[in-house]
Amino acid sequence: MALEPIYHIKPEYTQLFINNEYVNSQSGKTFPTINPVTEEIICQVQEGGKQDIDLAVAAAKLSMKRKSAWRTLPAAARGKLMHNLSDLVERNINYVASLDCLDNGKPFKEVIGDIQFGLAVLRFYAGMTDKIEGRTMACNGTNKFSYTIYEPIGVVGAITPWNYPIMFALFKLSHALAAGCSVVLKPAEQTPLSAIYLGTLIKETGFPPGVVNIVPGYGPTAGAALSHHMDVNKITFTGSTEVGHLIQMASGQTNLKRVNLELGGKCPVIVCKSADLDKAAALAQEACFVNMGQACCALTRTFVHEDVYEDFVKKSRDLAIKAKSTCGDPFEEKTHYGPQIDKVQFDKILDYIQQGVKEGAKLECGGKSMFPKGYFIEPTVFSNVQDHMKIAQDEIFGPVQTIFKFSELDEAIDRANNTEYGLVSGVFTNDVNEAIHVSHALEAGQVWVNSYMAVDPLTPFGGYKKSGIGREFGTDGLLGFLEEKTVIYGNINM
Amino acid sequence: QSTWGQLGAIRLLEHLPLSTMVFSKDVEVKYTKLYINNQFVDSVKSGTFETLNPTTGKLLATVQEATSEDVDLAVRAAKAAFHRKAPWRTMDASERGRYLSKLADLIEENADDIASLECLDNGKPVESARGDVQFAVNCMRFFAGYCDKLNGKNVPSERNTVCITRCEPVGVVGAIVPWNYPFHLACLKLSPALAAGCTIVIKPSELTPLSALYLAHLCHTIGFPPGVVNVVPGFGDKAGQALVDHLDVNKLAFTGSTRVGRLIMKGSGESNLKRVTLELGGKSPCIVLNDVADADFDKTVALVHEASLINSGQCCIAGTRTYVQSGIYDRFVAKVKELAEKRVVGDPWDSTTVQGPQISEFQLNKIMDYIKSGVDEGATLLTGGKKIERSGYFVEPTVFTDVKANMKIAREEIFGPVQCIMKFDTIDEVIDMANDTTYGLGAGIFTHNLDHAIAIAQAVEAGTVYVNCYLEASPNTPFGGYKMSGIGREYGKYGIDAYLEKKTIVVKVAQTIS
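These protein sequence lines are chains A and B, in that order. Terminal number for the first sequence in my numbering: 494, no gaps in between. Terminal number for the second sequence in my numbering: 1514, no gaps in between.
Zero decoy hints are in this set.
One-sided and incomplete, this derived list gives chain B residues near chain A with beta-carbon spacing under 8 Å:
id	residue
1	Gly1097
2	Asn1138
3	Lys1149
4	Val1162
5	Asp1451
6	Ile1454
7	Pro1475
Since the hints were derived computationally from the structure, they do not count as laboratory data. Computed from a predicted structure; not experimentally measured. For glycine and all other residues, C-beta sits at the position ideal for the given N, C-alpha and C.
Hey, can you work out the whole structure from these sequences and the hints?
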């Protein structure tokens, strides 16, 4: 099937999806979703609030009742539904991708990649539904017999961000559904359209009503209602560290719902003397500017060995200038970079850039906005950055690369680790010893050696420290969505 | 009502109603050549052999016969396809899973034809054959989902080393498949082998080569890289032996008789120590306790009756020794007699038929010899015992009572529809009686008493113990034998382990890693 953007796409669905039906919000309120390329309103979307969350959670809870259709569906059949859903998304890939393109502004081919990755995760977990094994074990004491069962944790609240809208929706659904849970999904208010559309595909695939519910709305209203709800057993959240704290607190204040958080990062990459410099410069920058810098795992702090520092900075500057020429309309073939998501982010990033200049970092290139309309910012490179600067410490979430110089490898490691974040790190080296030494010493959930965005459905992903709690992907990724029960038969009359 | 629905050995997903299926006696036999390196070819020596229809005794098809020259070609193709730079080795594991998933879908689309072919070649009721095919599909989908989940470990290590383990495919697999569940068992070897990343040479039984060759055609349609799947029908002492002896076969997976299983073990020792898994014979006990009289009595008798006679008795795990506790013995025997006499034996195309013919004249005569020995050694022939006068190789459902442990019919695997019933008093006694055998494949326990169920299940020496059911098979349930019923387990995660080799990688580093 040819991959073709749908240029003048009209979003077909703009309502809440509860119990396999599209419905208006209880309050009747709507909110606009904006096109970041034109700064215009795409359409109004029904705004979910506490009452809607209550209805959605009730539907999800009912679908999880003992003896319900969803609970008693054989595991292999559950997997087949997930496979069928992935085939259906794939058949509609042009439409889904165009929705995200319109709503988020990222290039069409990037969204295609996002969806394909989301489907790879969905298919990985579809194949796992009937492989969730408990165990048996010896028991101390005589006449006992014991085994464990993994059960679905229950109703899952999933809160997804605006930077990879459809992809994170697919990630969250994959884990929850494979484990046999039901879901209430609250997509980001900036980009609700693709998640809402998933509703019709879920219904067409044949998931029982109430298994997947979608409630677009705002964080402080719908999101908070979900994280405070007494009948939600687990929250899986991807978003800012600031909101991550709130969700963890809400769990403590309510029913101790299990929480897994994928938060921000200020991810370091260490470029060693032995590295292939052209490759390192290219990959390090791509890793920084990916998704217009709007990625939790963007490698935004680049530590370069003093012997190759000047060379590296020059290469990075040249690459960034070239990248600028590929900014433009995300529906067009030649575009590699789109706009930032909205005015709030746009202003924040420009503010950080000003701070960087003020604090004395060297602005190698970029630093300004582009085009008369749209939230476009030039790919920006700072060199001579010092660890104490704001641009060195805060997550900017924009296309801003900060390059630091180091002399000793251990120094670089310590400086890389000197952050409250710990999501991803990278190292460029050709030496076996260096690769192992550095990757084992970095305090990060994933370490990429000579690569970037090395994530795939098989490799566990998540943060150290304030970058999050828990791991997604891999065969253990489902553990967060399961409860283990031990059954012990005792006093067996042998 | 067919066997297919009864024992749950053969389960369909709810969305496949029987009424939409179309079986046909006239299904065309299209594939009779060897399948090597993605080509259908004649045998090197131009030899052929005949396969008969056991329902009619007539010739069904003439098939190319593989001998050692052909096996050698097939192994060479499989070895080339396994080279570390070949596409099958270098593609993503998830991609391998996609190949298997697509093959499962294609098999499902053609399931009615495959079932029809199987019914012609093997004689089992066509709905039962259809159940076999569906189970094969379900298992293939199960293993397809495992391809990208074969994890090793990073183990704690000392002395400045990093130590990881990898699970790698063991290599070229030789699979020797029997005639009692031809299609299902060919798939059961293929699925985990390919899921693990191996390549395979399948030798189906000379008595039932046709469905495996149809499978080859479907693999061809899917388009696996050449050499990944090869099918070489032929005889055990030629093609089979060639696989056992071959120095480039890394693993041999065999389902068949214990007698041949031992030859294969020997052959592994005499050649290259190829890894061997064996699913062999059985003389599995079903134990029925007194408390069954209080509830589900009829259901239990039916289950035990079916367990002993399933697939015309041609089932490795058939529950052929029935132990009935003395409190319910007389009532049980009377009911069993009734069921055996009611059992519908005949044309496998008729949907009321539960039992088709035996596979061959040779097997039929062997069964008759055992029946004669039962009578001669003093067991009571409760019902049956005679050949059925009609075309094909049919024998009556047969039940012996007053069977003593030392009788041939109590000790040896008959592989026919012959049930032996024995009486017992205490649980301790029956556990010992059940374990008094060189076999150890399955066992059935029928009781509602929790403690008895657990106690007997733990004490019986059998690879699979069924409680209040029999042959409840599913893709994740490990299956295999204790003692001379075999080595290794199939199905489930254990089923893939047999096709993997573990490699440990130890890397020395310059300094202590915290």
